[in-house]
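Student: Sequence:
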Amino acid sequence: MKYGFEDHCWKHLMSPEVLQIYKAYERDTFIGSRPALLAIDLYNSAYEGGDKPVIDLQRDFPSSCGEYAWTAIEPTKRLFQAARAIGIPVIYSTADLRMRSRTRLQATHRRSKRPDDRAFEIFAEFQPAADDLIIYKTRASAFYGTPLAAFLNMMDADSLIICGESTSGCVRASAVDAYSAGFHTVVVEECCFDRNMLSHQVNLFDLHHKYADVMHIGEVCDQLGQRLKNKRA
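Residue numbering for the sequence shown follows the UniProt record's numbering, starting at 1 and increasing by one per position.
What the hints contain is simulated information worked out from the structure, not anything from laboratory work. For every residue, glycine included, the Cβ atom is placed at its ideal position computed from N, Cα and C. Any given hint could turn out to be false.
[Stated by the list, open to error] Quick list of the computed label-pair ranges, beta carbon to beta carbon:
| # | residue 1 | residue 2 | range |
| --- | --- | --- | --- |
| 1 | E121 | S15 | 36 to 46 Å |
| 2 | T71 | P128 | 16 to 26 Å |
| 3 | A233 | L13 | 39 to 49 Å |
| 4 | A233 | D116 | 41 to 51 Å |
Please work from the sequences and hints to get the whole structure.
Tutor: Have a look at this one:
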């Protein structure tokens with residue numbers, strides 16, 4: 001299915017005047033020719049407490065994204081399946097607890113309790129394969145202070161497909177740094193999530209117009225599936 005440039009989750013928020021202001025950013029969206037999949041912070045603490053409203057989980061699970069994280073599970077599984085089927089490199093990011101404990105560096109100013117040992121392990125639904133790469137980071141961006149760009153160059157990747165959390169934090173920071181480093185970047189709308197829907201929608205809007213192509217999971221899977229067919233032909 002072909003979507004319009006503004007046919008996304010923010011459409012009902014933006015007035016015709018705002019869309020006119022951003023008209024100059026309209027373009028064809030696409031996946032780069034040699035993409036890698038970057039899964040940002042799909043770790044246990046984002047899913048704690050289960051599929052419930054985030055506000056109901058704040059006392060016991062303050063790092064959880066609740067229902068928004070759980071809604072994104074199935075689309076993200078589809079994305080992983082499509083990427084692995086065509087042999088795209090898969091890269092995960094998670095927090096570097098060793099540096100956090102020594103330096104008190106963390107991704108944001110958010111106050112949080114000391115995490116347990118499993119908080120930043122990759123969630124069971126998205127366990128890395130043996131040849132996947134895991135990047136350990138101390139700041140929001142998966143690029144900042146990490147060898148990610150070097151690994152992408154070694155993989156001969158020219159672009160990234162990004163999923164994960166949070167849309168307004170680590171996803172946004174990583175997408176902006178990817179753009180700054182010269183990688184064409186796709187952010188998959190249904191495979192990203194945040195602690196509140198407004199932050200998710202507005203940040204996707206801003207990324208889509210300035211730094212990344214926000215695409216629907218169906219579009220991404222269709223394009224990757226077509227490449228797989230061409231590869232087999």
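Student: With reference to the structure, classify each hint as holding or not holding.
Tutor: Here is how each hint holds up against the structure:
1. E121 x S15: 36 to 46 Å: holds, 43 Å
2. T71 x P128: 16 to 26 Å: With a Cβ separation near 22 Å, T71 and P128 satisfy 16 to 26 Å, so the hint holds.
3. A233 x L13: 39 to 49 Å: For L13 against A233, whose Cβ atoms are near 42 Å apart, the range 39 to 49 Å holds.
4. A233 x D116: 41 to 51 Å: The hint (41 to 51 Å, Cβ to Cβ) holds, given that A233 and D116 are roughly 49 Å apart.
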